[in-house]
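There are 2 protein chains.
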Amino acid sequence: MEPNCPTSSNDYAADISSIRQAQVRIEPFAHRTPVLTSKTLDSIAGRKLYFKCECFQKGGAFKFRGACNAIYSLDDHHAAKGVVTHSSGNHAAALALAAKLRGIPAYIVIPKNAPKCKVENVKRYGGQVIWSEPSMQSREDTANKVLQDTGAVLIHPYNDGRIISGQGTISLEFLEQASDIDTLIVPISGGGMISGVALAAKAINPAIRILAAEPMGANDAFQSKSNGRITKLSEVNTIADGLRAFLGDLTWPIVRDLVDDVIVVDDKEIIQAMKLCYEILKIAVEPSGAIGLAAVLSDGFRKNPVYSECYHIGIVLSGGNVDLGVLWNSFDK
Amino acid sequence: MEPNCPTSSNDYAADISSIRQAQVRIEPFAHRTPVLTSKTLDSIAGRKLYFKCECFQKGGAFKFRGACNAIYSLDDHHAAKGVVTHSSGNHAAALALAAKLRGIPAYIVIPKNAPKCKVENVKRYGGQVIWSEPSMQSREDTANKVLQDTGAVLIHPYNDGRIISGQGTISLEFLEQASDIDTLIVPISGGGMISGVALAAKAINPAIRILAAEPMGANDAFQSKSNGRITKLSEVNTIADGLRAFLGDLTWPIVRDLVDDVIVVDDKEIIQAMKLCYEILKIAVEPSGAIGLAAVLSDGFRKNPVYSECYHIGIVLSGGNVDLGVLWNSFDK
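Taken in order, these protein sequences are the chains called X and V. Each residue of the first sequence is one higher than the one before, counting from 1 in this note's numbering. Each residue of the second sequence is one higher than the one before, counting from 1 in this note's numbering.
Derived by calculation from the structure, the hints in this document are not laboratory data. Every clue listed holds true.
Using 27 Å as the maximum straight-line C-alpha spacing, the simulated DSS-like pairs for lysine-lysine come out as follows: (1) V:K275 x X:K123; (2) X:K112 x V:K275; (3) V:K123 x X:K275; (4) V:K145 x V:K232.
Build out the structure end to end from the sequences listed, making use of the hints.
Printed below as a string of C-alpha cells:
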C-alpha cells in the first residue's frame, strides 16, 4: 500500500488540540500513571531514566487511553450498537473495559492462539469473545460478519485519529511529571502510541527527541523509515506479541516526520529488560512493554555518538499483561 | 522478657514530632512511593482499597526509611566507624544502601539460609557481608564480634526509636495521598513499621483504625495482644520470611496501645494475595508485603461485623524482594 503523504502537520490524523481534548474526555476514567526512577538502572544505563508505568493503566496497558477516547467520542446513537475489534491483545481488553464503563456491548474477535492472560482480561471486563483462526484474513472476515450482524462500530487498534489522540495523553502527563526529559523512547508496532506521543511532545517541546524501539523480528518501522514508504514484512518473529503489527496509512506520515530514529533490539535484550523491570523496578512488564529499556541498554544506542547528548530519557513501559509462567520460562535459568 | 510498660504516649520510643523530623531527614534520599488503586480489587474486596507501594522504595522495601533516618541521625564521629546489623532481610539491604549514601561502611551479618535476592541486594549496595549460621545465637555472636573489631554502631531492625520514626513517614505520605482512609492495614513482625505508622496516623486522625496483618505460623503479636504481654514463640513457620521476628520492648507498648486488632492469615492466603498483586496490580510483592491484601480478603476480616464500617482501606505493600522462581513455584499450577 502506498502511504498517504501529507506535507503539513494539518494533515495528520491528530494534533495537540485533539490530544488535549482526549485528556479531558478520558480523565474521569483513566489512571494518571506514576513515573518511577531507579538509581541502579540509571547507573547501568549511564543516564537519568524516567519510567512511565502504563502497566498500571486500567486494563494493564496504555491501550485504555485510546479505547476510552474512541468510545466516549461516539454519539449516543452509534454507541448504542456497540463496538467491535479484531485485536488479540491489550486493545481488546481496553475496548471491552471502556465499553463496559459506557454501558455498551464490545464484540472482540480473538485468534485462537492469543495469550491466555489477555483473553482473560477481555472476559473480566465483560467483552463478548468471538473466536477466529489465527490468520489476519480469518480475523477480518469474522469481524466483518459481526459488523453486519450488529451494526457495531469498528474501532481499529491504531490506525484511527481518536486512538492516536488518546495515546498522546501519555506525553501530556509524562512531561509534566518529569519536565527535564530530552528524549522519549516508545515501543512501535502499528504506530498509534508513538504517533500520539510524538505529536504531543513535539508540540510542547520541539527539541525533544522521539525514538522508537522495535524488535528485530518485526522491524517494519525501521525498514519503512529506511525505504521512505510503508514496508510490510512477509513474516514476523518476536517474543513481543504486542509489536507484530505494521504501520497504517494514518500513523506512517507521523512516524516518518516526527520519529527521529528507530532502535532495533533482539528478543534476548527484551527478555533481559523484562528481568530488570521485575528485579529492580519490582513491576510486571510484558515483552512489548520492556522494549524501551532494552533499547536504552542496547549497544546500538549506547555506542552511537548521536545519542551521547540524551541525558534525561523518558521510557514508556507500555503494558504489564504477561503470564507469570511465560515470564519465568523466558529467563535463562 | 517482661515488657517495658509506659502509661503515657510520652514514654514511647517515637512520636509525631520525631516522625516529622525523620521525614525532613530522609526526604533527599527516599522515594515518595506512589499509591495505586484498582477497581477490580475493590470489587473483589467490597471496599475502596489504596495500596502504598513500598516495593518501589529504594532497596525494594520500606526498610530504607528507618535505616536512612538512623544513619543520618548519627554524628560524624560515630558514623565514621560504620554500622552493623544481623538482619537477614530488607533491613540489611536498606542499611547498606543508606550507609553507601553517607559514605560509611555497613557490616551485614547474614545467615547462610537467607533468600538469594536479598543477599544480592546487600552486595549491590556495597554492604560487607559476613556469614553466620542460621541460628539467632550465631547471628548475635557474629555481630558482637564485628562490633568489637570495628567500633561500628549496631542498628537494630525495629527495636529502635530512629527506625520507628523513619517507618512512620509512610503514614505522613499515605494520608496526604489518600486523605479519606479510615483504616490502615500494616504487616507486623518486630513491630517497627506498624509502631511508626500508628503513632503518625493517630496523631493526624485519632479515629483511624490500625490493623496488623500477621501470618498464622508466626502469630506472636496476636498472642501478645491476647496475653497482654510480649509472647515469643518457640518456632515459626511461614512463607513470609520478613515476618518471623518478635515484638521488642520498644515496639510492644505502641502495638499494645495503638494497634486496634491483629488479623491472622495463613500462607495460602498470602500466596493468593501475591498472585493478585502480580496479575492485577502488575507489581512484584514479596510474601511479607502482600499480607495486608491477604488480610482484607480473609474471612476473618470480611465476616467480622466490627469491620463493616471500614470503607476506605489503606494497605501498605511493604516490599518487593521476591525471587521470580520462588513466586512462580509458590503458585498452584
